[in-house]
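Listed in order, the protein sequences are those of chains A and B. Each residue of the first sequence is one higher than the one before, starting from 185 at the first, in the working numbering. Each residue of the second sequence is one higher than the one before, starting from -12 at the first, in the working numbering.
Among these hints, one or two may not hold up.
Here chain B is said to cover these stretches of chain A; the calculated rule only asks that three of the stretch's residues, wherever they fall, bring their Cβ under 8 Å from a Cβ of chain B [said to hold, decoys possible]: (1) 256 to 266; (2) 285 to 294; (3) 337 to 348; (4) 392 to 406.
On the chain B side, residues computed to face chain A include the following (Cβ under 8 Å) [as the list claims (entries may be wrong)]: (5) Trp247; (6) Leu262; (7) Gln282; (8) Gly286; (9) Pro288; (10) Leu368; (11) Glu373.
Calculated from the structure, these hints are not laboratory results. Built from N, CA and C at the ideal position, the CB exists for glycine as well.
Residues per chain, in single letters:
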Amino acid sequence: MSVGDLIYTDTEEQLRASVRDLLADRAPWPAVLARTETAEPVDTDLWRRLAQLGGAGLAVPSTWGGVDASWREAAVVAEELGRAVAPLPFLGHAVATALLLELGDEDLLPAVAAGERTAAVVVRAATAAHENAASVDLRDGRLHGSVPAVLDATTADLLLVRAGDALYAVDAADARVTPAPSLDRTRPIADISFDGAPGTVVASGPAVDEALAKALQIGAVLLAAEQLGLAQRCLEIAVQYLQTRRQFGRLIGEFQALKHRAADVWVRNSGVRAAARYAADCAATDAADLPVAAALAQAAASPAAELAAQECLQLHGGIGFTWELPVHLYLKRAKSSAILLGTADRHRAAIGDLVGIPAVPTEGAAA
Amino acid sequence: MPGGGGVTDLSARVDALLAQCDPATTAPQEFLRARFDAGLARVDYPVGRGGLGLDPVLQETVDRALSAAGAPGNDPDNNVIGLGMAAPTLLAFGTPEQLDRWLRPLWTGEELWCQLFSEPGAGSDLAGLATSAVRDGDAPDADWVVNGQKVWTTLAHQARWALLVARTDPTVPKHRGLTYFVVDMQAPGIEIRPLRQITGETEFNEVFLTDVRVPDAYRIGAVGAGWAVTQGTLMNERVQYTSGPAPRGSGPIGCVVEAWRAHPEQRTAGLQTRLLELWVDAEVARLAAARLGQQIAAGQPGPEGSAAKLEYARLNQAISSLELDLLGDDGLRYADYTTRMPVMEPEETKEPGWRYLRSRANSIEGGTSEILRNIVAERVLGLPAEPRADKNTAWKDLPR
Ligand SMILES: Cc1cc2nc3c(=O)[nH]c(=O)nc-3n(C[C@H](O)[C@H](O)[C@H](O)COP(=O)(O)OP(=O)(O)OC[C@H]3O[C@@H](n4cnc5c(N)ncnc54)[C@H](O)[C@@H]3O)c2cc1C
């Protein structure tokens, strides 16, 4: 099994630089923080701008209105969004895009890829790829039912929802979308209910489940990249503080107990970078190993991002606990990301099944 | 890229070597010498020095083709210090005469090497070492006379040559008074005493040097420039742990997964959690090593080698510990603690108890995990160094 291409291409680095510039300009962290206290935590203007630059349809072929790049490039964008804890519906939209791509949809994709329509898949945000996605009921050709905690749904105008054995496209105006108070205010979730909403069939049959699983895997891949970007940024912020804060007549960065903790975060991040690149490459090349690669990337990236954010807070002491510094934005994003699309523990369990590490024999079962 | 014919050219060279020396009928040593002379020892070595100056990733193609043809190996396990540390140091700092003398028999495994660095008073603080080398007379090429004691010297009892760092000027601060030499382990005045280690084996030794004469022609680098050469050697020592992209699930994690499958009666939910966590970490480490290899091949080496060494030590220790837990009663057995010279061979072929015990060294040998974290923190992250008293003081005036 080849490990694919694990380093960044020049094109990817150029894309990174332009997204980083855009975010530095339009979403510096004080602006992100200020926005979390408004009624519109998601920056839809910036999202439109990113979409104009191609950011909404990177992995979509140009025949369907996309940029003809791949999930590798999308992952680089996700890294930058993680670095900035950017309040954009990129991830939810990407999962929806992946789903439409997998189903070979030609009607919705062009507008979705161009970012003219923002889409979300109606599943619980904590659903991992190998788990059953939520579905709603179909009665008299109309959709009924509700799904709580849907990722990036507050700003979506197109909802993709499973009912029976089919996937339906629903105009968000025809559903009830209730923004839920969320731990991470830069990434709101919403409870959605359908009360006789009209929908259009996108696809039906076993292809829907397969495509949903694949789309959630690609979501996991992009989320891991985002977590990597976040973890790297947390380490940078912490190191900067260690280089400036003095106690006991010394820079606290001279204390070995603290240096070693920073070094451990760096080691973890190095590993996550390799795992995240591998997963992105598998997604881009449609490799058979994608299920393992995506679960692996999540199993590694979730705890690493949490660690980096937690250490960043702790190494700042009291000031790290304040609302004024960006550290809490990172911690909240890290913790919510660790639950989103399945916790590390669930991904590890999935890996156990995929690579043949059989579970504990249950009582009474033949050994 | 030099030798631009690339892979086709390389396989033509492999074919030519096999046509010239049939592995089935050629003595192993003869074959290895011919392989070296054909530039196929290590393709990234320079032309005329066992290589072709090519991208190191091409090595795998050569190794695979030759081993498929039944070619003999050069005993990389016994030869770890020669191949991993002596060869790169000689290539980077040696004179043409020194390379002519040492490189080929080193690579073929005819002459083993050891590393006389650590001393009882200088481990992590290697630059504080006390072994002295004094010139015998004023002639610029006069011999050196070496006195001192080294310790933990792996393979000293089998090695023909040693890498030595010694103090040639005690009146300057410690890093500046060192010089690097190659020492003939058969020279008079060298006494080797085996040390018994945790596994029962005698893998390393104490080495006493009493009035050992070292020709000036065996000096590597300038007088007083030994620390820079030493750093080069140590860097290569750490890179060793990242070598080769092994297949998924191979190595120690493969052993423990096998034990898991073979012992359903030992399985508990807790052990499964530990196993899956370690499986993920091992796979991540494997990908990180592969990524580092790709970075190096692309001419953008990163500092990730230190991360690889730290993770390798942590994982080996945790995995081998889990393996014993998984074996239940069998985890209590250990074949043989009698004092013996170790047989150097891949870890997977050893017994689980040995893997558990030997892996305790992984966070000590080649720089401890604490020292590596210091290096990452200071050189990679740019954190300030700890205040130190020994930077500007002559070595002879330091408290010992
Ligand atoms: C199996 C094995 C094979 C070896 N082979 C060789 C060989 O072939 N040739 C050779 O020259 N050497 C060899 N060594 C020696 C090895 O390089 C040293 O053991 C190692 O560098 C540590 O030195 P020390 O043992 O003196 O420990 P010390 O330096 O005394 O360290 C003791 C403890 O203090 C910690 N410590 C020391 N300084 C610091 C610091 N600044 N900050 C934080 N913690 C610190 C260490 O991490 C360690 O935990 C070998 C060792 C082993 C175990």
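Here is how each hint holds up against the structure:
A stretch counts as covered by a chain when three or more of its residues have a beta carbon under 8 Å from one of that chain; for the segment 256 to 266 of chain A and chain B the count is 0, and the coverage is violated. A count of 0 residues in the segment 285 to 294 of chain A with a Cβ less than 8 Å from any Cβ of chain B is obtained; the coverage claim is therefore unmet, three being the minimum. Only when three residues or more bring their CB closer than 8 Å to a CB of chain B does the claim for the segment 337 to 348 of chain A stand; here the count is 0, and the claim is violated. Residues of the segment 392 to 406 of chain A lying with their CB closer than 8 Å to a CB of chain B number 0, which falls below the three-residue condition for coverage.
With a least beta-carbon distance of about 6 Å to chain A, the hint placing B:Trp247 at the interface is held under the 8 Å criterion. Given the 8 Å rule on beta carbons, the hint for B:Leu262 holds: about 6 Å separates it from the nearest Cβ of chain A. For the restraint placing B:Gln282 at the interface with chain A, the shortest Cβ-Cβ distance is roughly 6 Å, inside the 8 Å limit, so the hint holds. With a least beta-carbon distance of about 11 Å to chain A, the hint placing B:Gly286 at the interface is violated under the 8 Å criterion.
The beta carbon of B:Pro288 comes no nearer than 11 Å to any beta carbon in chain A, farther than 8 Å, and the hint placing it at the interface is violated. At about 5 Å, the closest approach between the beta carbon of B:Leu368 and any beta carbon in chain A falls short of 8 Å, and the interface hint on this residue holds. Below 8 Å, beta-carbon pairs count as interface contacts, and B:Glu373 has one with chain A at about 5 Å; its hint therefore holds.
Of the numbered hints listed earlier, those contradicted by the structure are 1, 2, 3, 4, 8, 9.
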